[in-house]
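Visitor: Could you build all of it, start to finish, from the sequences and the hints given here?
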Amino acid sequence: MALENTLIQEKLTQKFGNSVTNFATMRDIFTLEVNKDKVHEVIQFLKDDEELNFHFLTDLAGIHYPDNNVDEQFALTYQLHNWIENTRIRIKTFLNGENPEVQTITDLFLCSNWMEREAWDFYGIKFTGHPQLKRILNMDEMVSHPMRKEFPMEDGGRTDKDDRFFGRTPVNC
Amino acid sequence: MSDLLLSPEQRYAKIIEEKRNEDGSELNVLNLGPTHPATHGIFQNILLMDGERILEAEPTVGYIHRAFEKIAENRPFYQINVLTDRMNYCSSPINNMAWWMTVEKLLNIEVPKRAQYLRVIVMELARIADHLICNSILGVDTGAYTGFLYVFQFREKIYEIYEEICGARLTTNMGRIGGFEREWSDEAFKKLNTFLEEFPVAWKEFENLFERNRIFIDRTVNVGPISAEKAMQYGFTGPNLRAAGIDYDVRKAAPYSSYEDFEFDVPVGKSGDTYDRFCVRNAEVWESISIIKQALAKLPDGPYHADVPDYYLPPKEDVYHNMESLIYHFKIVMGEVPVPVEEIYHAVEGGNGELGFYLISDGSRTPYRLKMRRPCYIYYQAYPEMIKGSMLSDAIVILSSLNVIAGELDA
Amino acid sequence: MSETKTNMVAPPEGVSGEGFFATKLSDVVGLARANSLWPLPFATSCCGIEFMATMASHYDLARFGSERVSFSPRQADMLMVMGTISKKMAPILRQVYEQMSEPRWVISVGACACSGGVFDTYSVLQGIDKVIPVDVYVPGCPPRPEQIVQGVMQLQELVKNESVRRRNSPEYKELLASYNL
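Protein chains in written order, with numbering that gives the first Met the number 0: chain A, 0 to 172; chain B, 0 to 410; chain C, 0 to 180.
Read the hints as simulated data drawn from the structure, not as lab findings. Treat the numbers as computed from the prediction; the structure is a model and nothing was measured. Positions of the beta carbon are idealized from the N, C-alpha and C atoms, including for glycine. One thing to keep in mind: the hints can contain errors.
To give an idea of the chain A side of the interface with chain B (calculated C-beta under 8 Å), a few residues [as the list claims (entries may be wrong)]:
1. Ile28
2. Leu109
3. Asn112
Guide: Below, the structure written as structure tokens:
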């Protein structure tokens, strides 16, 4: 018997009221939005509730929306999975553009440790309460956060590239 | 400030000092990697050692961080395939196909049955190649070089099959949106059949060399065990999880590319130690062989790609001689084909576990955001805990049995 | 010798007579060096897997006198850099190169090591020749084992014809100085 989306929605709205919004089914995954202050509680509820039992954290991804208003410039998506019922759920939360901060979930899932470090490294999202929030993939000396949209992809040190041949100047050749 | 934010050397200095004051014993710090020959890749671990025993370990990753996700935001869908090759380079076709399936899911493309079966065949071949490398290298690390030489020639044979299919050996860049770029040649099927005849014999021999080998058992049983709960907490998937006793396999849980048509078992271990991981991989190779045989037997006729001219790059000859193909080619390359605005997550069973692509599309020719769920990156976190208290030589064996691929780890 | 399948290395030019053979010392040294190049594999990613294939039975680099893979930079002659070198990795590569004793040669295997390859990004070093001097470039992504073997053969040619005094020459010192080595 598969876990019904309506049941999840019912349980969550009953418990968290207005903090959980925008329930939708995107293709095969049930998604919802959570207020950033409630993320930890919602995930804990999803994990601990006997009926819901989302016990596996599949993925945690940071996203940057520079064009949104300042309170919604960063987003985090958590994907949880219930292996027994074989149901996935995706939780999205929006964070402030100037001071992206959210509570860590390392106390719930050990694997979120490096995922959160990655999000910090790439986007500069602070996870309060994280035991070891330092850069992971990039060099420690780096100051900016490379996955933000304004950060250039290409290496700045190349001298052999002629912009004319890449269509990056108004006058080509 | 938490202690963990310090560099490991600083952190260890305190522990060493305390220990010296306590009973006068001398601990030392050992830097293993990042170019240590025993670690097969770029892994650095700074270890706190008490003689031969490891007390603490701190891994540093990112030595080949190549910014896949950043590049992906700047490349059209059909060029991202090149990046997926270089992620888990031991089983690149699985990565390729996983990416195409993600895009097809986004674009709502139905792939013909024949193409799906061909994909299954090539993915299982890749799984064999992946497990074969992992297990034979585990043999090398425990001091048995012969097995490695035995089975490595069969990896060469798998590469020859890849070459017949797509022209490349390692970084295959195989397939297109909707199927394959060309029909498989007769030679490919011929080589595949020879492989299916010869390989099981060699694999049986390889298994016999190891499975009841006294030295191998002593080196691997109860080395680096992980319990099912811990494995789940640490986000283990794939053979490493199954060795701990949980039968989660994406091929069964959410069948893709017609996996539901084939009969296969999901081998599981008990204790999650190195020996179990070895045996689970061995057993999976047999399942893969059986899946390939079933797929070959049931292989339907039909087109090798979906009829989606909006997304499927036409053959080059047609582009030169056929008006419509030229138009479609232009439209695809210039990014003027419609792409839905959606968020998609698609997962496949990769060589090391659940390989997922989380794709956010904003309707343009490039992804808005592409998050790759790289299984290695997630389960490598458990490594320090797994080697704590074991000998240094066991740490090497545990690392190779986990099959951590540097390219996938660092993205 | 012509009946056997064994290929012997051809002797250098010289004068031979009954019981003696006279040639230049540098030729003999070059010959000896070229046929016993000990590789130090600095394998980071995909190309490293192709290097494994090159060393294994099918392609067998040992035929060219590179049987012993030396993992200690002190004992190696030929540094084979295979795979992407990120900026985080660059100082380590340099350190390994500095630890090698003269004469030392470098082969850069694969597009990433030669030029950064497809990874023109903020985190990848755009070619190892930015930090250490390179003797032979092997293109390809990854190069086939045959190509790697050919790269080694090219290097053998270089080694054979190198003057024994080259490493003391001002040009060579200037080259190293340009890399701050």
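Visitor: Hint by hint, where does the structure go against what was stated? Just the numbers, ascending.
Guide: Hints that this structure does not satisfy do not exist here, as all of them hold.
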